[in-house]
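Trainee: Position in the sequence shown (first residue = 1) + 690 = this note's numbering.
Rather than coming from a laboratory, the hints here were simulated on the basis of the structure. All residues carry an ideal CB built from backbone N, CA and C; glycine is no exception. Just so you know, not all the hints are guaranteed correct.
[Unchecked claim] Derived pair list, reagent style BS3-like, types lysine-lysine, alpha-carbon separation capped at 25 Å:
#: 1; residue 1: Lys813; residue 2: Lys828
#: 2; residue 1: Lys909; residue 2: Lys761
#: 3; residue 1: Lys864; residue 2: Lys771
[What the hints assert, rightly or not] Between beta-carbon pairs, the in silico distance windows are:
#: 4; residue 1: Val915; residue 2: Met961; range: 14 to 22 Å
#: 5; residue 1: Glu775; residue 2: Ser910; range: 25 to 33 Å
#: 6; residue 1: Thr846; residue 2: Lys909; range: 34 to 42 Å
#: 7; residue 1: Leu714; residue 2: Val852; range: 54 to 62 Å
#: 8; residue 1: Val852; residue 2: Asp960; range: 42 to 50 Å
#: 9; residue 1: Lys880; residue 2: Asp949; range: 46 to 54 Å
#: 10; residue 1: Asn843; residue 2: Ile992; range: 53 to 61 Å
#: 11; residue 1: Arg704; residue 2: Leu1069; range: 48 to 56 Å
#: 12; residue 1: Asn739; residue 2: Leu1092; range: 31 to 39 Å
#: 13; residue 1: Thr793; residue 2: Pro1079; range: 28 to 36 Å
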Amino acid sequence: MGWISHLCLMNMKRRKTRTFLTILGVVIGVISVVTLLAVGIGVRQEMINTMVDSESICQIRVTGATGGKHKDRMIMDQTVKTFQELEYVSSVYPTYEMYVTITNGKYSYDGAITGIPQSELAKLKYTKTSKQTTSSVKPVLIMGNKVTSLFYNPETEQTYDVTEKKKAETWIGKKVDLSFWDSQEMTPVKIEVGAVIDSGEDTYNRDSQSIYCDLDVLKSFLGRVSSGGTLPGQPLDANGNPYKDFVYSGAVVTVDNIDHVDSIVKKLQDMGYTTENEKEYLDTIQKYLKMVQLLLGGIGAIALIVAVIGISNTMTTSVFDRINEIGVLKVLGCDPDELQLLFLTEAGIIGAAGGIIGVLLSYGFKGIVDKIAIKMFDLAKGTQIAMIPWELAAGAVVGAILLAICAGYFPARFASKLQPLDAVRNR
691 MGWISHLCLM NMKRRKTRTF LTILGVVIGV ISVVTLLAVG IGVRQEMINT
741 MVDSESICQI RVTGATGGKH KDRMIMDQTV KTFQELEYVS SVYPTYEMYV
791 TITNGKYSYD GAITGIPQSE LAKLKYTKTS KQTTSSVKPV LIMGNKVTSL
841 FYNPETEQTY DVTEKKKAET WIGKKVDLSF WDSQEMTPVK IEVGAVIDSG
891 EDTYNRDSQS IYCDLDVLKS FLGRVSSGGT LPGQPLDANG NPYKDFVYSG
941 AVVTVDNIDH VDSIVKKLQD MGYTTENEKE YLDTIQKYLK MVQLLLGGIG
991 AIALIVAVIG ISNTMTTSVF DRINEIGVLK VLGCDPDELQ LLFLTEAGII
1041 GAAGGIIGVL LSYGFKGIVD KIAIKMFDLA KGTQIAMIPW ELAAGAVVGA
1091 ILLAICAGYF PARFASKLQP LDAVRNR
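Make a model of the complete structure from these sequences and hints.
Mentor: The following block contains the structure:
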């Protein structure tokens, strides 16, 4: 084996330019594949981390029946206790959604307000100018910082934020007119805006475009203003009477670990409830990102295939240039398998050199890609848009070696089958 390595290195030194260009082709191919796959991996991981770091990824929003004869599918206090007893469930809280019209001057909002427990309101992050989140008399509205984009002027059809160019914080402490869609008899009531959720200037999520209030205060308020003992939004039984227990529109179930979300979703669906969970979106995003990653890898693979063709061309040329040397080696008793191994080893060395150098340079390109992405997309410092796991680096080197050996197989086989007299005759 020693003489084989020695002959390989001697031949590569004699043909420095050809060897250098062949290795350069492998280097470019490896850089293309590794860098493009690294971008795909990095973007995918960054999106996953962003969602997994959020508590909402482990939250399942459950919707129950709000009418008809399906009392077993309605969400009541006992239902919440049943959800809480499920394995892997860490917490549950009910929600009550009511459709309303809110008017502030010439701007109106037609949508929902959601009552959630005060304990959940306390977990939200508010702007510094926020005052209060609850009251013992009337519900206090907690608005998302992007809700003003949902208020529009019916005459101009322009939204509040576009026309007035003011933030939601300017509404804190003001009173707005609120009327319930399910109660035509109720006159609009004055409700105060007590707080605004701080979701970030450029962030759009569920909280940033929602309006919340204290659930207990909302229930108490509806009980006082309702007529005939029927609360607005509450379903009626087959006899037209309200149910004894308060019926919530939904519940939020928090699972202890993301790995258990799918199993809890299945249990809830088997119980007849409708579920919504961000993990479903995460799974969909991952599927499409894998497709993008595959596409990027395919683009990079084109450069690597060109490099493999270059190796095959180099090895073929090397065989024809060294026919006399091959003849001499055969006359001296060199075995055909050893002769084939000689050329395969040379191809493997070219692949290994190109693979190692390509991977090392890929780390440099990774740093450049990260810096450009952070600057272009105004990302936080330290964000890794490109990631090169050790498996990718090792796979790139091994892949380059194997492809190089495959490219050198047919030239090596041709050399091993040359007859000694035919080879020497070409001298």
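Trainee: Which hint numbers doesn't this structure obey?
Mentor: 3, 4 and 13
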